[in-house]
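Engineer: Assembly of the complex is requested from the two constituent chains, each provided in isolation within its own frame, with the hints serving as guidance.
Here's the letter readout for the chains.
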Amino acid sequence: MPDLGEYAFAVLASYAASLVLVAGLVVLSLWQRARIKRALAAVEARQGRVDG
Amino acid sequence: MWKYANPKRFMEISSPAIPWAAGLTLVCLVVGLVWGFFFTPDDYKQGSTVKIIYLHVPSAMMAINTWVMMLAASLIWIVRRHHVSALAAKAAAPVGLTFTLVALVTGALWGQPMWGTWWAWEPRLTSFLILTLFYFGYIALWSAVEDPDTAADLTAILCLVGSVFALLSRYAVNFWNQGLHQGATLSLDAEENIADVFWYPLLVCIAGFVLLFVTLVLMRTRTEIRARRLQALLARERFA
Chain D
8 MPDLGEYAFA VLASYAASLV LVAGLVVLSL WQRARIKRAL AAVEARQGRV
58 DG
Chain Y
35 MWKYANPKRF MEISSPAIPW AAGLTLVCLV VGLVWGFFFT PDDYKQGSTV
85 KIIYLHVPSA MMAINTWVMM LAASLIWIVR RHHVSALAAK AAAPVGLTFT
135 LVALVTGALW GQPMWGTWWA WEPRLTSFLI LTLFYFGYIA LWSAVEDPDT
185 AADLTAILCL VGSVFALLSR YAVNFWNQGL HQGATLSLDA EENIADVFWY
235 PLLVCIAGFV LLFVTLVLMR TRTEIRARRL QALLARERFA
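If you're matching them up, the sequences are chains D and Y in order.
Counting in my numbering, the first sequence runs from 8 upward without gaps.
Counting in my numbering, the second sequence runs from 35 upward without gaps.
Pulled out of the complex, with its shape left as it was, chain Y reads as follows (with noise of 0.2 Å):
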């Protein structure tokens, strides 16, 4: 496994992925938001505000993974000080950060006209809008510091100390069992589980955002690795 931590193998490695990657995401969003919009019926109790399950809930769980991938890179920077597994963090982040919006937006506009409010300061929310500040702080540190191998360092630490409200975020409700919002969407009790009408197109739905990240992901940490071969390049200039 580690021989893809080599900045060549992984460009030569991701190079052909990326275009299979773009292609599957665009087929799973488009069939199951075309599904899920035009072809599943209201909810009895909720209406025609199930559609935005489609988007709510694959953004939330990519939004934690996504954390958890980055928390997963930086044990790896850390540990095994491999660069592309620190770039693939960094990449990841505004990815990451763009699901946490989608989820919080998609979170307000439903909870509206089903709560009677855009907003609650309840565990789950509150967890979630403190991962999305976690999010921002960890974008602007990998700005903030000149040396790539220190911000490397710095934001993993980062990364570890946020896995808290990541943890949180999905975790809240079952923890504290208080607020507005309902516990897990999806689980494997078919009793408990959403109805099959809208399951299954939540189902490609996910898969959709899944391979979004994917190809997103690696396409960000190439330019990532380009990057700090240009810094490297410029730098050998400056002191030749």
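Just chain D, same shape as in the assembly (with noise of 0.2 Å):
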């Protein structure tokens, strides 16, 4: 770990803060993709049975 003196909470903070924001990014991009994804394979799978 380098010494980052007296301004280690600037530099520990930002670092901490975008890896919060980017990670909260990607985990919502994650999440919104498999409840769209399963929402879409139900009713395909439902119209595929009616139609059928």
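It is possible that part of the hints are untrue.
[What the hints assert, rightly or not] Just a sample of chain Y residues kept apart from chain D, beta carbon distances all over 12 Å, derived:
| id | residue |
| --- | --- |
| 1 | Gly57 |
| 2 | Leu194 |
| 3 | Leu202 |
[Unchecked claim] Which residues of chain Y face chain D? A few of them, derived with a C-beta cut under 10 Å, are:
| id | residue |
| --- | --- |
| 4 | Trp69 |
| 5 | Phe72 |
| 6 | Lys85 |
| 7 | Ile86 |
| 8 | Leu131 |
| 9 | Thr140 |
| 10 | Pro147 |
| 11 | Met148 |
| 12 | Gly150 |
| 13 | Trp153 |
| 14 | Leu246 |
| 15 | Thr249 |
| 16 | Met253 |
| 17 | Arg256 |
| 18 | Thr257 |
| 19 | Ala261 |
Hints were generated in silico from the structure; no laboratory data involved.
Note that the structure is a prediction, hence the values are computed from the model and not measured.
Just so it is clear, CB atoms sit at the ideal spot from N, CA and C, and this is done for glycine as well.
Structural biologist: Next comes the structure, spelled out in structure tokens:
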């Protein structure tokens, strides 16, 4: 770990906040993808049965 | 180029591209940030706070460039009515907003020890804050309008207006030449550019942020295309 001196809070807080924001976006995007995929598959299966 | 505007074609092409883009994103971000954080010296003026540059500059760049991408996609929607372009703009907005928030937070954390204040109402910071509000407004407008084509039309107009502030965020320092924020960090002029010891890891971090943007926008556009299909199928069920 490098010696950040008196600016340790500013540097570490920057990295922590960025990690939280970007990780939050990635998790949200993955969750939305899974939710929509699941819902679409269910509707397609249901309509496939009805159409077929 | 327009063949990619076909949703089916877009889904076929983007599917194999995402794992590659995600892998390269991870490599660039890990290499760039580890290099910048652990293996670069402190700046003679700014001390260890210079390590914030590896987050602040790429995120600020991408916050503005994301809006430019949304502008291009919105113009394509307005002119050619390609749904994938409207959905790509919608998909990019939360990504741009996140980059904007990263730039604002890291900027405040960097500004406090260097300027003695977390925030100043000066041209660059203020135009950047307004750009953030435009991102929130853009996302809210998409959610507020039920008909997707009307939402795409209205958000495209909002995007055109917001582009003024995206440009101001970048060039405010040149226009007004006042305020606390310095000019461009990166320059093609070697004399003005930052020292190579900071420049190379910064370049890798910028590549990582660009790839992160590409990965997330591809993934989120695919989700939007699926969501649009889901809406269409549910509407068909209701009217059957």
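Engineer: Looking at the structure, which of the earlier hints fail to hold?
Structural biologist: Hint check: 4, 12 and 13 fail, others pass.
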